[in-house]
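Given chain A, put chain B in place with the hints provided.
So the sequence lines, in the order shown, correspond to chains A and B.
Position 89 of the first sequence, counting from 1, maps to 89 under this note's numbering, and the rest follow consecutively.
Quick note: to get this note's numbering, add 179 to the position in the second sequence (first position is 1).
These are calculated hints, taken from the structure and not from any lab test.
The beta carbon of each residue, even a glycine, is placed where N, CA and C say it ideally should be.
Keep in mind that a hint or two might mislead.
What the hints assert, rightly or not - The following label-pair restraints were derived from C-beta to C-beta distances:
hint: 1; chain 1: A; residue 1: 109; chain 2: B; residue 2: 420; range: 30 to 36 Å
hint: 2; chain 1: A; residue 1: 137; chain 2: B; residue 2: 428; range: 25 to 31 Å
hint: 3; chain 1: A; residue 1: 116; chain 2: B; residue 2: 272; range: 54 to 60 Å
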Amino acid sequence: MKANHKIIFSGPVGAGKTTAITSISDIPTVRTEESASDETKDLKDSTTVALDYGAIILQDSTRIHLYGTPGQKRFDFMWEILTNGGIGLLLLIDGSDVKAIDNLKFFLSSFKNFINKTSVVVGITKQEINKQYNLEDYQKVLNEGLPVIPIYEVDARSKKDISLMVETLLYTLDPKISI
Amino acid sequence: MLKPNKQKNKANIVLSNLDALTENTLAYFINSNLCQNAKLALSNKNIHIYIIDLDKQYDAEILNNAEAQQQYIIGIYINEAHLPKNSRLILVKKPLNVTELKDAIDSAHSKTFKTVEQPIVDTRPKIVTKIKHKDQAHRNLYNAIDDENAEDDGHLQYKSQRYVGNNKDINPEKDDLKHIYFKTDKYFYFHLIKAVKSAIINKTNTVIKSSLGSIAYDFHKNSLNYNIGENRLKLLQTTPLISPVSVRFNKSTSQQSEYSANATNFIWETCIKTSKGRLPESTNLTKPVVMSLWPNFSQLKVFRHAIPIAAVWSRQRISLIETADLLNIPQRYVFSLYTAMNTLDYAKIKDLNELVKNNTRTEKPSANSSKLFGRILGHIFKRKS
Chain A
1 MKANHKIIFS GPVGAGKTTA ITSISDIPTV RTEESASDET KDLKDSTTVA LDYGAIILQD
61 STRIHLYGTP GQKRFDFMWE ILTNGGIGLL LLIDGSDVKA IDNLKFFLSS FKNFINKTSV
121 VVGITKQEIN KQYNLEDYQK VLNEGLPVIP IYEVDARSKK DISLMVETLL YTLDPKISI
Chain B
180 MLKPNKQKNK ANIVLSNLDA LTENTLAYFI NSNLCQNAKL ALSNKNIHIY IIDLDKQYDA
240 EILNNAEAQQ QYIIGIYINE AHLPKNSRLI LVKKPLNVTE LKDAIDSAHS KTFKTVEQPI
300 VDTRPKIVTK IKHKDQAHRN LYNAIDDENA EDDGHLQYKS QRYVGNNKDI NPEKDDLKHI
360 YFKTDKYFYF HLIKAVKSAI INKTNTVIKS SLGSIAYDFH KNSLNYNIGE NRLKLLQTTP
420 LISPVSVRFN KSTSQQSEYS ANATNFIWET CIKTSKGRLP ESTNLTKPVV MSLWPNFSQL
480 KVFRHAIPIA AVWSRQRISL IETADLLNIP QRYVFSLYTA MNTLDYAKIK DLNELVKNNT
540 RTEKPSANSS KLFGRILGHI FKRKS
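So that you can see chain A by itself, here it is in the shape it has in the complex (with noise of 0.2 Å):
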């Protein structure tokens, strides 16, 4: 039986999860979105209910499922089921919120059991729109010390942009992958 092998996508709502999994995912990525109507009703039309799932499939065929977490705060109860034996975190946040430093120490500290045990990277998105902080901003909300977290500018529709945020997660994990 193949191992279930899993990347976790989470951030607030329209931060680009959907988009992201769909830039790299092998086969169309299932969205179970529906027409949004609580307070999410302003940021998007139609939003994640319970999660977005694309997958990498490797030669051998072995599957690594990419989920992505309900953005709103009030499905935080899946986020623990859904981390559940990953292999790290890719965490993406709006740039262009105004909350969005607010959004990300609130992930952080949501997600921390999970990044303890395993890794976390940090991608803004759409700060070619209306960049609300600059990336020394995010920054300085990081812990000091180990781990430093890698975070980037990201356009979640760039496949490179969310190769380079996989490629990140799995070197912090181990340094001496080889290919």
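Only chain B this time, still in chain A's reference frame:
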């Protein structure tokens, strides 16, 4: 008469009619420890070898006089149609390859210093045969290669080498460390970062003037604007300054410029190109590296091994030498990355006490995980996994 003492004699080389970039690269190579039988000629006397570009207009007198002067000519070429014939001509085909060039120089050197005992009888031009060299990292020279076309492994190595140079690994306890260090103030990047930091503190624009052109820093946009062409810019980034740099604050709007670049990205790239696998003078090799910020690799120039090196420093406090050992990679990659990160204040070397040093995360992932991660990366980069 030339002394037949090849232990001590180095052939004097003159670089003629080469473009600035090639000349600069060959000068770098000849001065490096890879080229042990020759040195750049300091005067027009006692010239043993010329290196000329046969694809460009060259001084035919160099070839005509070679026999009389007992000189050898290394002619680099790509166009085989009109190659001159001369018994003292050694041909090396472009793109230049370190091994072939070294063989050509060694051949000219050996013949030069044996001239008295063994007169040359072969009248055909000598073409250096291609030799497969085990040390693939040394395969390609910095320039004279078509950057756009090749995507093979050799080209990837060339790309890396462009940033990290050729220096061999050193043992800090035994080896001469001179060649791994450079004097920062002799290079443009040092004055550039100093000027930019100062402009940020003073919240003003600034202009940095060098003999190769001016670069204006726009404080509000964090951009660098300049009218320096590609080749001159490479010289500015890679070679020691030949005259002092001047800096002046400029409150008015920045100059009209053909080129503009994000200042952080530009400085980062300049540092790496300056470093070429070396370190700022007096950088400690055995004390731990303390990383404070992770470089924004989505925007910055990334070269081979840069991410694994940063990953090591993000989780452990170990020295530059230990980092190369841990990753089993040439030290020059570590040195280049550290030089850039240090310049931008992303990392520095500190004297940590044992308590802090022990407070680092060093759990090892399982062998299965490692294998899986490698396969995922291989898949991402479309390589066989």
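Status of each hint after checking the structure:
1. 109/A - 420/B: 30 to 36 Å: For residue 109/A and residue 420/B the Cβ distance comes to about 49 Å; the hint is violated.
2. 137/A - 428/B: 25 to 31 Å: holds (26 Å)
3. 116/A - 272/B: 54 to 60 Å: Since residue 116/A and residue 272/B have Cβ atoms about 57 Å apart, the given range 54 to 60 Å holds.
In terms of the numbered hints stated before, the structure departs from hint 1 and from no other.
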